[in-house]
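Below, each chain spelled out in residue letters.
Protein chains: 2
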Amino acid sequence: MKQKRFILSEEEIPRYWYNIMAEMPNKPMPLLNPATREELKAEDLYPLFAKELCHQELNTTDPWIEIPEEVRDLYKYYRSTPLVRAYGLEQRLRTPAHIYFKNESVSPMGSHKLNSAIPQAYYCKKEGITNVTTETGAGQWGASLAYAARLFGLEAAVYQVKISYEQKPYRRSIMQTFGAQVTPSPSMSTRAGRKILTEHPNHQGSLGTAISEAVELARTTPNCKYTLGSVLNHVSLHQTIIGQEAMKQMEMAGEYPDMVIACFGGGSNFGGISFPFMRENILNGKKTRFIAAEPSSCPKLTHGKFEYDFGDEAGYTPLLPMFTLGHNFTPANIHAGGLRYHGAGMIVSQLMKDGLMEAVDIQQLESFEAGCLFAQAEGIIPAPESCHAIAATIREANRCKETGEEKVILFNLSGHGLIDMASYDKYLAGDLQNYTFNDTSV
Amino acid sequence: MKQKRFILSEEEIPRYWYNIMAEMPNKPMPLLNPATREELKAEDLYPLFAKELCHQELNTTDPWIEIPEEVRDLYKYYRSTPLVRAYGLEQRLRTPAHIYFKNESVSPMGSHKLNSAIPQAYYCKKEGITNVTTETGAGQWGASLAYAARLFGLEAAVYQVKISYEQKPYRRSIMQTFGAQVTPSPSMSTRAGRKILTEHPNHQGSLGTAISEAVELARTTPNCKYTLGSVLNHVSLHQTIIGQEAMKQMEMAGEYPDMVIACFGGGSNFGGISFPFMRENILNGKKTRFIAAEPSSCPKLTHGKFEYDFGDEAGYTPLLPMFTLGHNFTPANIHAGGLRYHGAGMIVSQLMKDGLMEAVDIQQLESFEAGCLFAQAEGIIPAPESCHAIAATIREANRCKETGEEKVILFNLSGHGLIDMASYDKYLAGDLQNYTFNDTSV
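Going down the list, the sequences are from chains H and L. For the first sequence, position 324 matches number 324 in my numbering, and the numbering has no gaps at all. For the second sequence, position 22 matches number 22 in my numbering, and the numbering has no gaps at all.
Among the hints, erroneous ones may be present.
It does not matter which identical chain is used: a pair holds within one copy or between any two.
Unchecked claim - List time: in silico DSSO-like cross-link candidates among lysine-lysine, alpha-carbon distance up to 30 angstroms:
| # | residue 1 | residue 2 |
| --- | --- | --- |
| 1 | 401 | 76 |
| 2 | 51 | 27 |
| 3 | 2 | 125 |
| 4 | 2 | 41 |
| 5 | 287 | 51 |
| 6 | 41 | 353 |
| 7 | 125 | 76 |
| 8 | 248 | 76 |
Simulated from the structure, these hints should not be mistaken for laboratory data.
Full structure from sequences and hints, please.
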C-alpha cells in the first residue's frame, strides 16, 4: 500500500521561523508615517504591538528567528500537521499530476491561524500586557486568538465582520467558549464604527473596518495591544512553520513541488507555505511556481494597484506599500470571509512586483464546486477560503491531464469548513452567485 | 520538552480487529427470533446486513479478524489518530493523575464513527449492494456513513432524529454535501414513523424510532441493506482499532492505564477503546478499571434492566440480551444526541453483568462544565457526548488529588463539538438543565 500521510515527530518540528525578508532580492519598501511620510522605526509601532513583534515586523537581516520554547511546546498540541497525498482527488480528476496538501485544518481551531495567535499572545504576556484586541473575518483568526489569549490568561476582545457574525454564528460561540468578548463590526462602540454606521446604516462590515475598530480599542485601553491575523510581516513569519514542515514531509514522500498553491486574503497562509520553498528558488536555482488564489470579488493581486495605502478603513495604521483595491473598498458578501481584505501584505506585494510569484482569481461558484469535489474525494470539507486553493489546483491538474505531464502540486488546506456548512447549503441549493470587484456590498 | 502527542506510522496501524467475544469469560447470550424465540443464525440476518457483517456479528470463536486491505487504505486517510497527554487539563485540575486521551475527533467526519462506516460500506459494495440506509442521532454516524457510501459509490438514505435535525442543521448539510438523502425522524415515509406521529404528533424522535424507519426502508427497497453506527457486535469490533492503537501509543509514552473511560450510547466507542485493554485483564492479570459514562437522562447501565428487548422502537429487530430502559423509552432532549439510546450492546451488557466493567451516570450540566474546562485547557471543543467521558475523567482525577495517587487515566475523545456550538451557546447562556430518566421528551 502506498503511503498517504506524512507526519513529523515532535523533535522534527522546526525550531526557527524563516524570515524571507533577509533573503529576498528586493526588500519591501518601508512603512511610512501617514502624516510625515517618514520611514517608521520599530519604536513607532510599540503603541500598537508587543515590542518583540515590532522588531520581527521590521527585521530584514536575520533569515532565521528562534521559536521560543513555550511556543514550541504549544505547537506540539497539533503539530506537525499531516502532509497528505490526495490520491482520491487525483483519481477523480484522472490527472497524471501528483497532488499533495498540507492539512492545517487539523489544528484544534480548524485552521492555520493558531500558528501566529500563539506567539502573538505569548509575546504580549511576556511584556506584561493584560488585554488584546483583534478583528476577524470568517472567525478563524478570532477563534485562534481567543484560545491563545486564554492559554496565557489574557482578556481578548474581538471585532467580527458583521456579515460573518451572521453567516457563521458558531465561530462566535467558539470565541465565547474561550471567554472572549465578541462584537459585530461595524459597531457603535468605536468612533470608526459609528462613522461608518452613520454613513451606511446597513453596512455589512469589512476586514478594513473591523481593524479600525480593534486598533481604536487597543489605543484607548490601558495595557492593551492590537493583534492581526494576516497581512503583516511577523504573521507570515510565524506561518513559515507550515512550509518548513511541508519541505521535510515532501522529502519523506520523495518528491519536490513544481507548484505551491494557497488561497490569498492578506497573505499569511500563502507566505507560510511558500516562503521556505521560495528560498530554494532564490538561493538554489529551483524553479517552483507559486500561485496565490484570490477571489474574483476581491482581487488585489490580479486587479489592484501597487501603492502606499492604509491597512484599515479609517486610516489608523501606518502606510503600507502594497497591492490594494483601496482601503475604502468593501467587497461583495462572498462566503470566504477571510479573503475579503482590500490589500496584500508588503512582502508578497514586493515578490509579486518582482515576478517571483503569480496570482489567479477564482469565482465563488468555481470555488464551491472545487470544495465539494474535494470533500467527496478526500472526506474533508474545506473552508470556503481554502476552496480557492483547491480550485486553482484543479485548474493546474487539468492542464497536466491535457499535456500528460506528471507535475507535483502542493497546496495548503488552510482550514476546514465544518462551521461554514450554511454556505455549502446555499451553494447546494443554487443560491450562491459570482461577483466581480465592481460588486461591493455597500 | 516533554512529548505531548504520540502518533503511529502507517505500517504500525493494526491489521486485525479484535473480537472480544472469542475470549470473554461468558459469551453474550444469543440473538432471538421474536416470534419463535429461537436462536438466530447468520443467515437469518442476511436480509438486513451485508453477509460478512452477519458473520462478524455472531463470530464467537476468532479473536482476530483481518481488516481488508481496501479498508486499511482508507483508514490511512486519518489514522493513526493521536494519543495525547492532557498536560493542560492536568495543570488546571492540579491533579497528580496522568491523563491521556485518544483523539478520534481528528477523523475527517469529526468522530470515531468513520472506523465502522468504511468497512460497512465496503462489505455492502463487495456484495453488489447499491443502497444503504441508516439512522443517526447527533449526526456523527450519518455523516460518516454518507461519506463512506460516497467513497464506494453507494446511495445512502439517513433518518436523522428530529431533535438533532433541528439542533444540528450543519450535520444535515454535511450529509447532503456527500450526496446522502436525509429525512427527519419520525417521518411520514414509513409505517413505523406514521404510527408514532399519529400517536404523538409532536414526537421529537429517538434513535429507536429512527432505527425502525431505516430498517423498514431497507426491507422494502431492492438491493438495499441497513447499517448501524453502534450497539451491534460488528460495530464494536471495527472500533477496536482505537484501543489497539492506544495500546501501542501508551507503550510509546511508557505508561499503562489504570482506568479507561469512554462515553456510552450503544457501546461502540466504549468497546473500541476498552476491549483491547480488557483482553489484558482477562488473559494477563492486568487490573485496569473500565468506566462507561452515560447520561443521567438515559442511564441503561446504571438504572436499566438486563433482559431481552428490541433494538428499535417498532420491534423490527431481533431480540437482544441487553441492559435496557425499554425499547419504547424516549429520553429527554439532551444535547448529547448520540447517547439517547435505550439499550446497551450485547457484549457490553454481558461484561457489565459479569463485573468486568463499571458505569457512572453524568448530568447534562456537569458534562458541559467539563467540556468547557477541557476546551480551555486543551484547545479542542469536545462533542457533547464526549463531554460525559471528560466529566467522568475529571471525577477520577479529583479523587487522585485527594489521595495523592499518580494514576494513569486514558479516555476516548470520541468526537469534536464544532457542529454542536448551539448547545454550548445554550449552556453558556444558562439555558440548559439536568434531567433524570423519568423526564422523557414525549
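* Asked: Tell me, which hint numbers fail for this structure?
  -> 4, 5
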